[in-house]
Each structure stands twice: as structure tokens, then as C-alpha cells.
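Residue numbers (this note's numbering), protein chains in the order written: chain A, 1 to 248; chain B, 249 to 472.
Hints listed in this document are in silico derivations from the structure and should not be mistaken for laboratory results. Some hints could be false.
Said to hold, decoys possible - Residues from chain B shown here face chain A by an in silico Cβ test under 7 Å; the list is partial:
| # | residue |
| --- | --- |
| 1 | A377 |
| 2 | I378 |
| 3 | M380 |
| 4 | I389 |
| 5 | A469 |
| 6 | V470 |
For glycine and all other residues, C-beta sits at the position ideal for the given N, C-alpha and C.
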Amino acid sequence: MTTSEPLIVLEGVNKYFGPLHVLQDVSLSVDRGEVVVVIGPSGSGKSTLCRAINRLEPINSGTITFDGRPLPAEGKALAQLRSEVGMVFQSFNLFAHKTILQNVMLGPVKVRGEKAAAVRDRAMSLLERVGIASQAEKYPAQLSGGQQQRVAIARALAMQPKALLFDEPTSALDPEMVGEVLDVMTSLAREGMTMVVVTHEMGFARHAANRVVFMADGQLVEQAEPEEFFASPKSERARDFLSKILTH
Amino acid sequence: MDVFSDSANIDTYVTGFLWILKLTAAGAVGALVLGVLLAGMRVSPVPVLRGVGTAWVNIFRNTPLTLIVFFCYFGLYSALGFELSDDIDTNNYWLGVVGLSVYTAAFVCEAIRSGINTVPVGQAEAARAIGMSFLQTLRIIILPQAGRAVVAPLGSIFIALAKNATIVGTIGLMESSSAMKELINANGDAVIPIFLVFAGTFAVVLIPTGYLFGWLANRLAVKR
Numbered sequence: 001m002t003t004s005e006p007l008i009v010l011e012g013v014n015k016y017f018g019p020l021h022v023l024q025d026v027s028l029s030v031d032r033g034e035v036v037v038v039i040g041p042s043g044s045g046k047s048t049l050c051r052a053i054n055r056l057e058p059i060n061s062g063t064i065t066f067d068g069r070p071l072p073a074e075g076k077a078l079a080q081l082r083s084e085v086g087m088v089f090q091s092f093n094l095f096a097h098k099t100i101l102q103n104v105m106l107g108p109v110k111v112r113g114e115k116a117a118a119v120r121d122r123a124m125s126l127l128e129r130v131g132i133a134s135q136a137e138k139y140p141a142q143l144s145g146g147q148q149q150r151v152a153i154a155r156a157l158a159m160q161p162k163a164l165l166f167d168e169p170t171s172a173l174d175p176e177m178v179g180e181v182l183d184v185m186t187s188l189a190r191e192g193m194t195m196v197v198v199t200h201e202m203g204f205a206r207h208a209a210n211r212v213v214f215m216a217d218g219q220l221v222e223q224a225e226p227e228e229f230f231a232s233p234k235s236e237r238a239r240d241f242l243s244k245i246l247t248h
Numbered sequence: 249m250d251v252f253s254d255s256a257n258i259d260t261y262v263t264g265f266l267w268i269l270k271l272t273a274a275g276a277v278g279a280l281v282l283g284v285l286l287a288g289m290r291v292s293p294v295p296v297l298r299g300v301g302t303a304w305v306n307i308f309r310n311t312p313l314t315l316i317v318f319f320c321y322f323g324l325y326s327a328l329g330f331e332l333s334d335d336i337d338t339n340n341y342w343l344g345v346v347g348l349s350v351y352t353a354a355f356v357c358e359a360i361r362s363g364i365n366t367v368p369v370g371q372a373e374a375a376r377a378i379g380m381s382f383l384q385t386l387r388i389i390i391l392p393q394a395g396r397a398v399v400a401p402l403g404s405i406f407i408a409l410a411k412n413a414t415i416v417g418t419i420g421l422m423e424s425s426s427a428m429k430e431l432i433n434a435n436g437d438a439v440i441p442i443f444l445v446f447a448g449t450f451a452v453v454l455i456p457t458g459y460l461f462g463w464l465a466n467r468l469a470v471k472r
């Protein structure tokens with residue numbers, strides 16, 4: 001396969017929560033090294049879209065392809081796929097009974113069966129990179145939200161993923177901690193990590209995204225480069241959304 | 249307290265409580281292993297396993313322990329020839345352990361399952377997201393946190409188990425309640441002292457056990 005082939009491809013994806021049609025015929029492709037920021041009002045399906053990519057949410061119809069292969073339904077193949085796609089959650093979800101270092105090492109050691117000593121070095125340098133190395137022996141509850149989220153990013157990176165999914169990574173943070181997490185994400189974006197980021201941080205969308213995707217009511221309404229999208233949104237829905245968040 | 253100055257009586261008393269101790273220890277191990285397995289089955293994605301787990305809990309939780317222990321003796325041993333030892337006491341002991349384990353496992357299962365419900369769903373999602381299988385997620389992430397959340401209720405279950413162990417006396421093991429009955433039969437003038445000594449022994453051992461589990465529950469609690 002060639003490197004020009006998109007890494008993530010969604011085609012005609014539909015998803016229902018009971019009678020609620022949360023993803024309506026959504027198609028999206030993400031190239032290798034591309035940073036796609038998904039924005040939109042609450043309940044527009046953007047989190048569901050993000051979670052569908054590693055099948056934390058199964059879809060009802062349509063296809064999702066990752067790295068040229070359709071998403072496996074379950075079992076070993078699905079676990080294997082998930083190990084190649086990092087995920088960062090709104091509520092951090094660090095393993096509460098494990099230390100920071102154990103959180104980062106767990107995946108490579110238990111899932112990949114790598115040697116603990118080698119993983120330890122890699123984990124420490126990742127913690128160094130996100131600025132938490134000095135807290136390696138602490139437990140998640142002893143860290144601030146911003147620190148926990150940076151650990152969560154290190155945990156995802158420890159698996160050496162082909163892509164990272166961010167599901168509102170800064171929405172649960174105190175305002176003064178948003179910056180430290182966005183800084184890490186921005187540097188990842190610069191280094192060419194493929195990222196799908198669901199966020200309300202318009203600043204991040206402006207300066208770090210290659211493409212902004214606007215969703216509303218389960219539909220992918222509009223997508224464009226950030227300057228173009230923020231300067232002249234084409235759809236009424238996007239203009240309305242932007243006017244509400246950018247006037248303050 | 250003339251009763252307890254006779255060394256043969258002391259021997260009956262000590263032997264009785266040693267059986268209780270052994271029944272409780274083996275029963276607790278059996279119930280814990282079985283109970284954790286059952287809890288795993290009840291939260292598994294496989295309908296058959298869930299069904300077996302649910303059936304086990306409903307059957308054994310709602311059957312009197314005396315009947316279960318009787319069945320172990322008259323059913324498993326007498327009728328079906330399920331013999332666990334040549335020695336009659338040892339055989340009765342192990343039959344009792346089987347009965348206590350399968351019964352107590354139902355309660356352990358439900359305690360663990362309620363512990364599983366205290367673990368935020370995000371913990372399992374994060375585990376799956378780094379590629380862990382269902383069993384790995386359960387074993388490495390969910391059960392350790394669930395177990396720590398239910399130390400106190402597990403303590404109550406094991407305290408109940410220690411007292412329930414006296415029921416094995418009904419199939420001929422000279423555990424403490426049978427020992428007490430024997431001493432009372434032989435010393436009709438000292439019923440109250442004998443009763444108080446036996447009941448007091450349970451209380452003296454089990455009350456601190458309760459506090460120990462309370463202390464452990466606080467110590468092991470997962471900080472969130």
C-alpha cells in the first residue's frame with residue numbers, strides 16, 4: 001500500500017442510540033500525518049464519531065477502514081487495531097490503582113508483551129516529554145487534571161500508535177490547565193502524528209489543524225482548512241455556531 | 249467453671265474451634281476463587297456464562313445452607329459415592345467445605361459484582377482502547393479495583409461464613425456447636441457457662457476481625 005492512501009476512512013456511517021440517529025451517513029477520510037479537528041454543538045455526534053473509529057461505539061451501518069483494513073468486529077483483531085490507535089478521553093481515565101509509570105507501561109508490557117526494562121525507559125522519556133517524569137511514582141488522584149491528561153497522552157504514545165484520537169481532551173480541565181495539554185497536542189501535531197481531535201478549543205483548531213470538520217445534528221455539515229472555515233463558513237449552521245462562540 | 253478444668257472437655261472445646269477455623273479458612277479460599285469466577289462470568293459478554301453465573305447465584309443464595317450441607321453428605325457422598333477422604337472426619341470436613349464454598353461463593357460473587365459497578369466505565373474503556381482483551385481488562389483493571397471497593401462487605405461475608413461453619417456439625421463433624429452440645433449433655437448443671445464460653449469465643453475472635461476488615465477497607469480504597 002502507498003503512503004498516500006488515507007489512514008482512516010469512514011464511509012456512509014450510521015449510528016443510532018435507540019430512536020436517536022446520532023451519526024447520519026457520515027463519510028470522512030483522514031490522511032497520514034493529518035490533524036483533523038472536529039467541532040460542533042453538543043450532541044452533534046462528534047464524540048460518537050471519534051469513539052467509533054476504534055469501535056468503542058459499534059456502528060449500525062457503513063464502513064470504517066483503518067490503515068487499509070476494515071475495522072474488525074471483535075476479539076483479538078479488534079484489540080490489535082485498538083493497540084494501534086491511541087485514545088485520549090475527556091475524563092483522563094488513568095488506571096486509578098496504578099502509578100503514573102505503571103499506567104504508561106501497562107499497554108506495551110501486557111498487550112504487546114514487551115520487556116518491562118525497555119518499556120520503562122521509553123515510558124520515562126515519554127513522561128519527561130510531557131513534563132511529568134518527577135511524578136512517575138505517584139497515583140493519578142495525586143495529580144492535577146492537566147497533569148493527568150498529559151499522562152494519558154503519554155500512555156497512548158507508549159503504544160507507538162499510528163493515530164491518536166482525542167475526545168474533548170480539555171473539556172474537564174480547569175481553564176489554567178488547558179494550555180499545558182494543548183501545548184503537548186500541538187507539538188505532536190507538528191511532528192506529524194495523525195490526529196482526530198474533538199474539541200471546543202477554537203484556538204487549537206486555528207493553529208494546529210490541517211482541516212476543520214463541522215458537525216451538527218449527526219451530520220458532517222462542512223469541512224475546510226481552518227483559515228477558510230473560520231473566515232468564511234459556507235453553511236448557515238456553521239455561521240450560526242461560530243457567531244455564538246466567537247462573539248465573546 | 250468446673251467444666252473447663254477437665255482437660256478432656258478443654259480438648260473437645262479446642263478441637264471444635266479448630267474445625268471451625270479450618271472450615272472457615274478452606275471455605276473462604278473456595279468461596280473467593282469461585283465467587284470471583286462467577287462474578288467474571290456474570291459480567292462477561294458470553295450469554296451462556298452469564299446464565300450459568302446467574303443460575304448459580306439464584307440457586308445457592310436462596311437455598312438454606314443446612315440443606316446444601318445435607319445434600320453434600322447424603323447426596324454427593326451417600327447416594328453418589330463422592331468420597332473425599334478415607335478418614336470419616338476428614339471426609340465430612342471436606343464435604344462441609346464444598347457446601348460452605350458453593351453457598352458463600354454466591355454472596356462473594358454478588359459483592360464483587362457490586363464492586364465492579366463502582367469502577368467507572370472509563371477505566372474499562374481506557375483498557376480496551378490500549379488493546380486489552382476482555383479477560384485482561386477484567387483481571388488487570390476492573391477486578392483489582394472492584395475487590396478493593398468491597399473489602400468491608402467481603403469481611404461481613406467471611407464472618408458469616410465462620411458462624412455458618414457450625415452447620416457442618418449436622419453431618420457429624422465435632423465442630424464447636426457439636427462440641428458445645430456434647431458438653432451441655434454431659435454437664436446439665438453448667439449450661440449457661442458453657443454457652444457463654446462458646447458464644448464468647450466467637451465474639452472475641454470475630455469482633456476484631458470485623459474491625460480488621462474495616463481498617464483494611466480504608467487502607468486499600470482506591471483514591472479517585
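We went through each hint and held it up to the structure:
1. A377: Result: holds, 4 Å to nearest chain A Cβ.
2. I378: Since chain A brings a Cβ to about 4 Å from B/I378, closer than 7 Å, the hint holds.
3. M380: holds, 6 Å
4. I389: The hint holds - B/I389 has a Cβ within 7 Å of chain A, the shortest such distance being about 6 Å.
5. A469: violated, 10 Å
6. V470: holds, 5 Å
Hint compliance for this structure: hint 5 alone is broken.
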